[in-house]
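The primary structure of each chain is shown beneath.
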Amino acid sequence: MRIDCPCCGLRDNGEFTYLGDASPARPDGMDASPAAMLDYVYRRDNPAGPHRELWYHGAGCRSWLVVTRDTRTHDIAEVAFARDAARARDAEKAVP
Amino acid sequence: MRYSLLSVLQQAFKGQRDWTPQWRDAAPKASYDVIIVGGGGHGLATAYYLAEQHGIRNVAVLERSHVGSGNIGRNTTIVRSNYLLPGNVPFYEKSMQLWERLEQDINYNAMVSQRGVLNLYHTDGQRDAYARRGNGMRINGIDAELLDQDQVRAMVPFLDFDNARFPIQGGLLQRRGGTVRHDAVAWGYARAASDRGVDIIQNCAVTGIRRENGRVVGVDTTRGYIGAKKVGLAVAGASSQLAAMVDMRLPIESHVLTAFVSEGLKPLIDTVVTFGAGHFYVSQSDKGGLVFGGDIDGYNSYASRGNLATIEDVMEGGMALWPGLGRLRVLRHWGGVMDMSMDGSPIIDKTHIEGLYLNAGWCYGGFKATPASGFCFAHTIANDAPHALNAAFRLDRFATGAVIDEKGVGAQPNLH
Amino acid sequence: MSDSAPTTWQQRSGWAGVTQTGRFGRAGGDPGVRLDLLGRQALATIIVRPGEEAALDRLMQERLGVALPATGRAAFASAGSLVWSAPGQWLVMGPAASALADLPQRLAGVAAVTDQSDGRALVRVGGADARALLAKGVSIDLHPSVFAAGATAVTSVAHINIQLWQVDDAPTYVLAVPRGFAGSFWSWLTAAAAEYGYDVQQVPA
Amino acid sequence: MSLALDRATSAAAPATSPATLQPFRTAAGGLIDRSQPLPFTFDGHAYTGVAGDTLASALLANGVRLVGRSFKYHRPRGILSAGSEEPNALVELRTGARREPNTRATVAELYEGLETASQNRWPSLRYDALSINALAAPVFAAGFYYKTFMWPASFWEKLYEPLIRRAAGLGRAAEAPDPDHYDRMHAHCDVLVIGGGPAGLAAALAAGRAGARVILVDEEATPGGRLLAERRTIGALAGTTWAGDAIGELRAMPDVRILSRTTLFGVYDHGQYGAIERVSDHVAVPEEHAPRQRYWRIAAKRAILAAGAIERPHVFGGNDRPGVMLAGAVRAYINKYGVLPGREFAVFTTSDDGWRTVADAVAAGARVVAVIDSRFEVRAGLTQAAVAAGARIMLGAQVIDTAGRPELAAITVMSDAGRTETIRCDCLAMANGWNPIVHLDSHLSRKPVWDARISAFVPGGLPGGMTAVGAAKGQFLLSDCLDGGARAGAAAAADCGFAAVSPPPYTTDPESDAHEPLWRARAGRGKAFVDFQNDVAATDIELAHREGFRAVEHLKRYTTLGMATDQGKTSNMAGLGIMAELTGQPLPQVGTTVFRPPFTPVAIGALAGHHRGQDFRATRHTPSHGWAEANGAVFVTSGQWLRAAYFPQTGETDWLETVRREVSTVRSAVGICDVSTFGKIDIQGRDAIKLIDKVCANAFASLPVGKARYAIVLREDGFVMDDGTVTRLGDTHFVMTASTANAARVMQHLEYAHQWLYPHLDVQMTSVSEQWAQFAIAGPHARDTLRRIIDPAVDISNEAFPFLAAAAITVGGGIAARLFRISFSGELAYELAVPAGYGDAAWRAILNAGASYGITPYGTEALSVMRIEKGHVATAEINGQTTARDLGLGGMMAKKKDFIGRLMKERPALIEPERPIVVGVRPVDPNDRIRAGSHFIGVDVTPGPEADEGYLTSVAFSPVLGQWIGIGLLKNGAQRHGERVRAYDPVRNGDVVVEICAPCFVDPKEEKLRV
Ligand SMILES: Cc1cc2nc3c(=O)[nH]c(=O)nc-3n(C[C@H](O)[C@H](O)[C@H](O)COP(=O)(O)OP(=O)(O)OC[C@H]3O[C@@H](n4cnc5c(N)ncnc54)[C@H](O)[C@@H]3O)c2cc1C
Ligand SMILES: NC(=O)c1ccc[n+]([C@@H]2O[C@H](COP(=O)([O-])OP(=O)(O)OC[C@H]3O[C@@H](n4cnc5c(N)ncnc54)[C@H](O)[C@@H]3O)[C@@H](O)[C@H]2O)c1
Ligand SMILES: Cc1cc2nc3c(=O)[nH]c(=O)nc-3n(C[C@H](O)[C@H](O)[C@H](O)COP(=O)(O)O)c2cc1C
Ligand SMILES: [Zn+2]
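Chains as they are written, first to last, in my numbering: chain A, 188 to 283; chain B, -2 to 413; chain C, 223 to 427; chain D, -5 to 1005.
Derived from the structure by calculation, the hints contain no laboratory data.
Watch out, some of these pointers could steer you wrong.
[To be verified] Pairwise CB distance ranges (calculated):
| # | chain 1 | residue 1 | chain 2 | residue 2 | range |
| --- | --- | --- | --- | --- | --- |
| 1 | B | Lys404 | D | Gly724 | 24 to 32 Å |
| 2 | B | Asp15 | D | Ala161 | 20 to 28 Å |
| 3 | D | Val381 | B | Ala23 | 56 to 64 Å |
| 4 | B | Thr17 | D | Gly375 | 51 to 59 Å |
| 5 | D | Gly700 | A | Asp215 | 28 to 36 Å |
| 6 | C | Ala249 | D | Ala91 | 47 to 55 Å |
| 7 | B | Asn160 | D | Pro774 | 22 to 30 Å |
| 8 | A | Asp262 | D | Val381 | 51 to 59 Å |
| 9 | C | Arg328 | D | Pro907 | 56 to 64 Å |
Don't be surprised by glycine CBs; every beta carbon is placed ideally from N, CA and C.
Chain A on its own, in the form it takes in the complex (with noise of 0.2 Å):
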């Protein structure tokens, strides 16, 4: 399996650190309830099919990336920067 990252190019995956799902966004903050963490922390959907899933470039530029990935092919859709996604999500939880 190989992954392209946005800035080194196709890489094979025994270079990445693999995290998991990419969709749960961290409940923040002092009024975060146990509820809300329980779900972001431990339920997957684990789907069949597309995943954005967070994967760590370690042992290149230290990125970390969000995959997008058909997890019965292996299809890559999509590769970007996790601060790139973690900006457009952080920017679109401030609009109200």
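Using the hints, position chains B, C and D with the ligands against chain A.
Frame of chain A, contents of chains B, C and D with the ligands only:
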């Protein structure tokens, strides 16, 4: 026909004429008291115990492909009860005990081979962790021996003791552990369940779970709707997909694990050995193939194939542990999709939906659990309450914090 | 970076105790690989602060005479070289030990500067078989149409994370290896080079 | 390469050459060199072959036809094929540490002095005791073992299993570590061509001419595929000449690489391919510095599968007798190796190409006695050569039995009318159609599809990076192979952005691929084998059908069909065909079993490459390593690091004595320890403190510049991930340390928090673990020692530099350093960080400076003793299963800020009072020894699950207390100080009564720390 030396000899003279299908390839009835989804080891064992222990015989096992096509048919066959944590220990020991009488119980030779499981340690810290585990086992009445280097050398002299990056200091040995012929477990339970009235329905994939007034009434399948008073899910790697049918999100991810078999060889190793400083474990099948494996690939996957990074990692582990493997050849490698749970331990529980039961989260270690899993799941379904042995395997443990994390790596399934 | 004052303490290269100079591996013929062990040079990680890339670029041009190289690129100059190393991060190298001492001051508010002069062991790999040798360990494509002089990559070799850059089209490469791994890296490098025959020398940076 | 792909040049043998002494060697022809005799042995007998031979061709040349014994029945077996699909002729190659079991004689290249042996037989190949198994064959039907050996239960491990295991298996592994080394190579290309037969060569030519980067791999020593095995013409050239020219042209292209002796074994995701090059297997011992094999990891934008096809045997009684061979193999032995596999041939065919065998055999000087074709009619002209040779032509007939002891001497043929007749012959060539090699196309879970025209499965042809061409695609005509190959090569190059022109169509000699499959012949007396190696007979498939094992995967697993070393390359289709017949299903509906890598078995050593022994994983060395090594330190592995565990001095007899001295010296004078292995992370930026406050569970906002603070990092699930320190070097500049074991994980976690959770923070982070050497200097004379090496301007008096102070200083005359007043030992202590290049110098300087105080270097053992004496938790306690509360650190958790792990650590089960909490223990009898890993059990309680109250995590012999002490986790531990429990350690026969105490044994008021 009962299986015995006598029947085998008789059939030898009759040109094997009188054998009949080992289990009935049943067609679905309109409804059942209990439907078990998943014709893997756990599903079949559950059906067997429902019939055998609880007298519930109006049972169907629905299998989307053929019986044994899942992980029961693709694992490295290691059975052991050398667990660490109180939630796990008695359950796996029960399983071990059920293995020990499996053949007599189901009249099928699944080749339960108690050749010993030896987990190697390479540092003092690892030794102490194994001592902690071994002592816990002994306290629970389970056999465990902590071996030093000389004792390990005597058992498996061909390992790399002298030039190793991580020298072997010793090992934790469970002599009662060993291997079981994987396919035979599926077939044997299928036959035993079928003989007791269970319908085994192959090529029948569940596509939906129907509810009325908050309770389960049946399942939609590729072979039509089938009614059921109770539905038990035992679909291993597909657990999340089934749960999604009733809008449940599970603390589970599906991951692929690769296993390997070498070409057939004359007897080389008569125990199961696990490397403690890399990902590698090995045993030899009765046919002569070295059966071995390592770590999971580490990414969510529903494709039963692994990739080179992991394959190399396993081979490196193999060579580091046992340099004599160099010229032996890998014959085949394959993958299985496993239900990796968030704490690495299983779930056998009723769900919040009445009539729906869940058996999942077996990670790469559920083969050894097959008999006890069937036993406990049957109990849970029959009594609508868990057995003491699976009392810790509850779904709510993640909320309460009573997680059972043998490895101590936390809520990250790919690290368990 | 700031060790300008006189000292009696002996400095030790990351390769010390690990390497031997001379000709090794396949005997006969020219060695296919040349391994030059580079002496210590000033080396620092520069990480740009959010939104300050243009400012950093300007400051580096002023200071070294080279622009910030793009992703995957390196720029070499006599005052110092810049090698991209991660998004928003570069390695800066100076010829003399104290060559970069002024950088933290100069880049204050624009980029964080962290001394790494002692953190890496550097080796220059050249010779007719240099590319083939590296291909044994590096999984990236080193074909000249893809990776040429001025290209850099952070990757792993033999389970060791390294950075390499190509300095000329011969091709010649420089590999930066985390200091503590020098011994294991050397074990791989020399095993891989043996079939070509290799020559090891100690050279100033 | 000067390629002798010209059979003419290798033709005549010198009259005296040993080649002519090989009774079955033809006088001329073949791609071999008769002038280079190669002596070898088989089962101790000396033979001679010639350069270019495989072991199989050399054995056949010498008239050796019995080569092995089958797996289950130990039936005599010969050579079936001439390629990697061989199921029967498995031998052991070489001896000693280089012994290599199960090698197919058909792919083993001969070299001078090769020692080989048959396997799975005793006492000899010809007289094998276990061949009595064949008599018991009626009992040993498929799966019989599932039905018996169950009584008495204990006999399985003791009797039945050992017997079965001894009888099973095939060859014997070498008895010593593999002495050879293996190499790995990464390669990249536009177009990967798998197989160098006509289709592959044409594809590579088209792609290469377009300028694409091409890699062509071929299993054989010389590419060419069937062109080398047949007598064909392309245009005006002999097929071999054409191949030689093509190879020559490809070799001249700068961006084309031909890898021969290279098997593509697996196809992996995203254009990754694995291949094994047998660099040195054709010589006795690899040349110095040359690997035995090289593992190629190939990344390709496009791949062309041109691996050809595998011929199918016939299933009939006695079809496994040595001398019964695939027709294509017979032609290969004749045309490629100059060997006649017999003198009197018969051909049993269902396809036109089987008839080719006649002319080839006759041309080589053999007699063809009969051609049996199960078809009733054949194309006019097909029989011409047979007629000319005087062979019997039997249409609509089938071979149903064989005879010979054990080598083939006669066959029984049954005519359509049911009349049987025995025909003498010593070689039967079977032609039953060909199966395209779909294996590689299936590795990515693609299903092959049925092609009725050739009655075989062909690659699925779904989109993806791989296209099949030639015989691998089911195109059996040479002209189609060439044209299809060229088109695919051009298309692949075009896909990669190269303008390619398709060459004009190729012309060849006339050919036909007409064929009608015959899944099994009419029943005869003998056992009709489907899977030769695993002894699966047609009757076993019937039995599987009877017992309900009808799904292909069930059929496979129940009968072991296709599970042998050849993975059913020659057998699977017949098995499927018979099952289709039994179930009345069309064959495509029966489907195939799953094809998996590797295509042919791959040496484990080759995939491990460099990474074995000491090189299994990288080793990290500390800056003081050289000194420590020279001074006799004993090292311990700590993650990737090698650390000094202790430094024995002359006269010390055991490690305990040494450690005791080291500890006592530190506690009474001064010691130095290399702690460079800690992770060190440089954190800068306006928001650095915000990030640290999110990641650490205790409060940091208030940390002043010039101060260090203990830091606890939690996982989001509330358990402790790691502990370390955070030091504020400047307003926006911090350095954080992480434990040796968790350094990489913590760095990754920080990057995660920064890049994913809190992407707006202005933080710049980098690891400086390798940049700084760091030494702990501890003991009452630590300050005195330090004063001698730091530059005079630095004031480290207790007032100016109190406990937890930190500063950038200079040492050794201007060398930038950092000094931290932190202590793990509980003594007055500092950690001094210097650039790693000065690490060795600083270490020596400190030892020098402390010499007059009696300084000792100390290792991880003493470090551990002192931290246990102080009750500091470490990896043994921070084992991923403990919370801060469990470790007695609950009070440090910040209340007023959000941080990772904050909520989940409060889950009910994690704050339950019963939960084990950290305590100290000491044996009641001070002479008792305790061990980590012991469990706590009440003093008068019978051990049992209910009685288990926790466990001992760390122990040490405390020189201060003069006895063993420990820390552990005990239920309700905080309330039980003074109570007694047992440290129960049955796996080491330990059972010691201990007293529970606070987890701090030395200087509980921390007075020594602050002086
Ligand atoms: C490579 C590998 C090695 C392993 N090694 C070991 C080992 O050495 N020791 C050990 O203890 N464990 C091991 N395991 C784990 C063990 O195999 C599994 O935990 C265990 O088999 C899972 O239970 P099961 O047998 O019921 O699962 P499975 O056999 O996977 O059964 C689940 C069944 O559900 C069916 N199914 C799924 N969805 C549907 C649907 N919608 N409708 C109908 N049916 C459905 C599937 O087809 C499948 O047959 C290993 C696993 C793998 C992959
Ligand atoms: N019925 C018939 O008449 C019939 C049937 C089949 C083939 N043929 C003839 O055979 C030839 C087929 O040509 P082709 O080029 O398609 O195939 P080929 O068999 O000539 O060449 C295939 C090549 O691929 C190599 N190979 C196979 N698997 C490999 C692997 N995994 N890794 C590396 N190399 C591998 C083989 O060593 C061989 O050299 C034509 O001449 C055709 O006419 C005829
Ligand atoms: C314990 C064990 C032993 C096996 N031994 C063999 C073997 O000797 N030969 C073989 O071809 N496959 C062997 N296999 C692998 C199976 O052929 C098959 O790959 C595996 O059951 C997974 O199924 P799949 O490849 O069809 O997906 C073995 C599998 C297991 C679990
Ligand atoms: Zn990257």
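(request) Please test the hint of 56 to 64 Å on the beta carbon pair from C/Arg328 and D/Pro907. (result) 58 Å, holds
(message) If I claimed the Cβ atoms of D/Val381 and B/Ala23 lie 56 to 64 Å apart, would that claim hold in this structure?
(response) 59 Å, holds
(request) Kindly confirm whether 51 to 59 Å is satisfied by the beta carbon distance between A/Asp262 and D/Val381. (result) 58 Å, holds
(message) Looking only at beta-carbon atoms, does the pair B/Lys404, D/Gly724 fall within the given range of 24 to 32 Å?
(response) 39 Å, violated
(request) Just tell me: holds or violated, for the beta carbon distance of B/Thr17 and D/Gly375 against 51 to 59 Å? (result) 52 Å, holds
(request) With respect to the beta-carbon atoms only, verify the hint that B/Asp15 and D/Ala161 lie 20 to 28 Å apart. (result) 27 Å, holds
(message) Range first: 28 to 36 Å. Now tell me if the beta carbons of D/Gly700 and A/Asp215 are that far apart.
(response) With Cβ atoms ~31 Å apart, the hint holds.
(request) Check the following: the C-beta atoms of B/Asn160 and D/Pro774 are separated by a distance inside 22 to 30 Å. (result) 43 Å, violated
(request) Using the Cβ atoms, figure out if C/Ala249 sits within 47 to 55 Å of D/Ala91. (result) 25 Å, violated
Hint check: violations occur at hints 1, 6, 7; the rest are consistent with the structure.
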